[in-house]
Amino acid sequence: MPRIQIDIAGRLDHLAILDENGWLDKTLEPEIPPELLIKLHRIMLLSRRFDERLLNLQRQGRIGTFGPIKGQEAAQLGAVALLRDSDWMVPCFREMAAMLWRGTPLEGVILTYGGFNEGGRIPDNQNDLPIAIPVASQLLHAVGLAWAIKYRQKDDIAMVFFGDGATSEGDFHEALNFAGVFQAPVIFVCQNNQWAISIPRSKQTRAKTLAQKAFAYGVPGIQVDGNDILAVYTAAKEAVDRARQGGGPTMIECITYRMMMHTTADDPRRYRTEEEVEKWAKRDPLSRFQKYLTVKGLLVPEKIDVLEKEVETEIQEAVNRAEKQMKNLTDPLHMFEHHFADMPVNVLDQQQELAQELAEQKEEQSNG
Amino acid sequence: MAKMTMVQAINTALRQEMEKDDRVIVLGEDVGRDGGVFRVTDGLIDEFGEQRVVDTPLAESGIVGTSIGMAVYGLRPVCEIQFSGFSYYNFHQIESHAARLRWRSQGRYSVPMVLRAPYGAGVRALEHHSESKEAFYAHIPGLKMVIPSSPRTARALLLSAIRDPDPVIFFESKALYRAFREEVPEEEETIPLGTSQVVQEGKDLTMVAYGAMMRPTLEAAALLKDRDGIDAEVIDLLTIAPLDDELFTQSVRKTGRALVIHEAHRSFGPGAEIVARIMEKSFFYLEAPVARVTGFDIIVPLFSRENSYLPTVTRILTAAHKTLDT
Ligand SMILES: Cc1ncc(C[n+]2csc(CCOP(=O)(O)OP(=O)(O)O)c2C)c(N)n1
Ligand SMILES: [Mg+2]
Chain A
1330 MPRIQIDIAG RLDHLAILDE NGWLDKTLEP EIPPELLIKL HRIMLLSRRF DERLLNLQRQ
1390 GRIGTFGPIK GQEAAQLGAV ALLRDSDWMV PCFREMAAML WRGTPLEGVI LTYGGFNEGG
1450 RIPDNQNDLP IAIPVASQLL HAVGLAWAIK YRQKDDIAMV FFGDGATSEG DFHEALNFAG
1510 VFQAPVIFVC QNNQWAISIP RSKQTRAKTL AQKAFAYGVP GIQVDGNDIL AVYTAAKEAV
1570 DRARQGGGPT MIECITYRMM MHTTADDPRR YRTEEEVEKW AKRDPLSRFQ KYLTVKGLLV
1630 PEKIDVLEKE VETEIQEAVN RAEKQMKNLT DPLHMFEHHF ADMPVNVLDQ QQELAQELAE
1690 QKEEQSNG
Chain B
-13 MAKMTMVQAI NTALRQEMEK DDRVIVLGED VGRDGGVFRV TDGLIDEFGE QRVVDTPLAE
47 SGIVGTSIGM AVYGLRPVCE IQFSGFSYYN FHQIESHAAR LRWRSQGRYS VPMVLRAPYG
107 AGVRALEHHS ESKEAFYAHI PGLKMVIPSS PRTARALLLS AIRDPDPVIF FESKALYRAF
167 REEVPEEEET IPLGTSQVVQ EGKDLTMVAY GAMMRPTLEA AALLKDRDGI DAEVIDLLTI
227 APLDDELFTQ SVRKTGRALV IHEAHRSFGP GAEIVARIME KSFFYLEAPV ARVTGFDIIV
287 PLFSRENSYL PTVTRILTAA HKTLDT
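Line by line, the protein sequences are chains A and B.
According to our numbering, the first sequence is numbered sequentially starting from 1330.
According to our numbering, the second sequence is numbered sequentially starting from -13.
Keep in mind that the hints were calculated from the coordinates and are not lab data.
There may be inaccurate statements among the hints.
[What the hints assert, rightly or not] Covered, in the sense of this in silico footprint (three residues per stretch, anywhere, with C-beta under 8 Å from a C-beta of chain B), are these stretches of chain A:
#: 1; region: 1442 to 1448
#: 2; region: 1490 to 1497
[Unchecked claim] Pulled a few chain A residues facing chain B out of the computed Cβ check, cut under 7 Å:
#: 3; residue: G1393
#: 4; residue: T1394
#: 5; residue: I1462
#: 6; residue: V1464
#: 7; residue: A1525
#: 8; residue: I1526
#: 9; residue: S1527
#: 10; residue: R1599
#: 11; residue: Y1600
#: 12; residue: P1661
#: 13; residue: N1675
#: 14; residue: V1676
Heads up, the beta-carbon is just placed ideally off N, CA and C, and yes, glycines get one too.
With these hints in hand, go ahead and build the complete structure from the sequences.
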């Protein structure tokens, strides 16, 4: 009865294609149609500027708490670029770039952070779930969507986003296990931005990588430079192609960085150094992508200026529309809606109770 | 001792108890270096080190499940769940084990742990950050459910909770964390769990509330006095379960009228239990139906409408007058 080594895992790669300065490893360059590259760049720029604008709005008290995405644009866009409209995208709460790519209107994002439930409405033709704040809970929904897709024998897929911190929750492990057992066509895209509020990745798990956790469930995993959109795209393409052909799930760990505070309520100076942030600033996904596109002849500096102006206008118009909507949505009676297909009697009664109270107050004020 | 906010008072209780008792350890997400997202555990890691003030991985079931094990072994874990709205991953550990191990082992084991969590609306937060679901916990046999209403009661109740031989859920109102300061005595002070307090005596109407709702309730009581000369008796429950019905029974028998105020949803909320006790024990003393002013039976809306969800002074006054006019 010998003691023999079991060969458990597949191989774990780390993939990077653009270096820190945006120079390309030609042998690894993916084939991406120029129109797609140009669109990806436009949405990346839009998300960057919109993120900055949201932070301004928050600082001015015009919206509430929000979690900036700066630094994670490539780790999101490189993956969602592979999705078709009939596929499903399941975000957590820091996937604004992915959401914009899929068609979420800017004003929806502003409305949500402005404290209006109305912002959560997903456009009818967009197969995405709303943001999910309870960490890791949404992974199982993506597996369920993918499982249902398989049941219906479609070649669509589901793609789910989550952070490094999420890999510590039980739901993460249940999701990977179910996906593996049922060979569901789901892509797990981990945004390893090195921090879960104040907890560094090194304290989240003793494991060397997050991607290797997939192996325990018989699921392929790969680690990529998440600030390199070409690497994210390449890994996502392999995973998506495999899933569409019945090859089941994949986990992609994107190594990226949360450049800003966790949310606007957080003060990262309490737990991390400015040097660390500066080091990551040099790996900025946007400037690396711009460098690549410029060398490739798809972008010239004047074009970037034009795009900056376009994007600024688009954002300004969305802010105007959203603020106008927020002014028109003040009626609190809306808060009773969308709990059931048919409002139960107790809720209806309570809605009327509040309506009457508001009417009486109005009358008092006009008499008063 | 100085005037303190509720955050400082809870921090003080933790610090004093940790100095005194090395069985006490604090664990949770971001409670160490960051001092907790509300800074309740600020500075504790510097004073007591990483063995006793522990930044855990992001896993509520992990935090509570391991706390149960430590408590059985003889430690006194005080774990923080970052927001009560994220306490559902750990709900299973609380309901299935923390609340049951004494019973299941027929008295051999006990689970002397505290689960602290911020609850309630009113701080312009995101979804899941504004709930008031104490009824979930109050419903569980084997569990105590405590909600302080001020810095002083928070300090005194937390000490009692840590020393309690059984598991205690300790909800802290985010809206009260920095709302006001209060003198908190230097010398140790505790409030026995399961006891309510009369905070204002009166003869015309009994008002029962707790936690963040004590403020609008007391404000309404003051207005009733000033405007209409009505003397309301105001009772602060402090512990939701086990419910102390002694004081409000006495009070209702005196006033004949009662109003219960909470920000939790109305249906099956703590108010339902309080009203039932009043019906059971004081029915023949009542002059009017008992009234409830509560959060509505809807998911707490995002913050632009949260003030419409919450009981307000106006709503409390309207209900009080309705009761008094009957
Ligand atoms: C179940 C649960 N517990 C706690 C929280 C509070 N919380 C919000 S985000 C966060 C950290 C998440 O870290 P990570 O998964 O790495 O995502 P990131 O914020 O870095 O994008 C925590 C603890 C939550 N939202 N849900
Ligand atoms: Mg993270």
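Hint status (Cβ of A/R1599 to nearest Cβ of chain B, threshold 7 Å): 5 Å, holds
Interface hint outcome for A/P1661 [beta carbon to chain B under 7 Å]: 3 Å, holds
Status of the A/T1394 interface restraint (C-beta, 7 Å, chain B): Given a least distance of 6 Å, the restraint on A/T1394 holds.
Satisfaction of the A/S1527 interface hint, Cβ to chain B closer than 7 Å: 4 Å, holds
Hint check, A/G1393 versus chain B [nearest Cβ-Cβ separation less than 7 Å]: 5 Å, holds
Hint status (Cβ of A/V1464 to nearest Cβ of chain B, threshold 7 Å): 6 Å, holds
Agreement of hint A/A1525 with chain B interface, Cβ distance less than 7 Å: 5 Å, holds
Cut-off 7 Å, beta-carbon criterion: hint that A/V1676 touches chain B: Check passed: Cβ of A/V1676 comes within 5 Å of chain B, closer than 7 Å.
Restraint satisfaction for A/N1675 [CB to CB of chain B, less than 7 Å]: Status holds, d = 5 Å.
Status of the hint placing A/I1526 at chain B (closest C-beta pair under 7 Å): 5 Å, holds
Restraint check, 7 Å cut-off on beta carbons, for A/I1462 near chain B: With Cβ-Cβ at 5 Å, under 7 Å, it holds.
Cβ contact check, 8 Å cutoff: the region 1490 to 1497 of chain A against chain B, three residues minimum: holds (count 3)
Of the hints listed earlier, there is not a single one the structure fails to meet.
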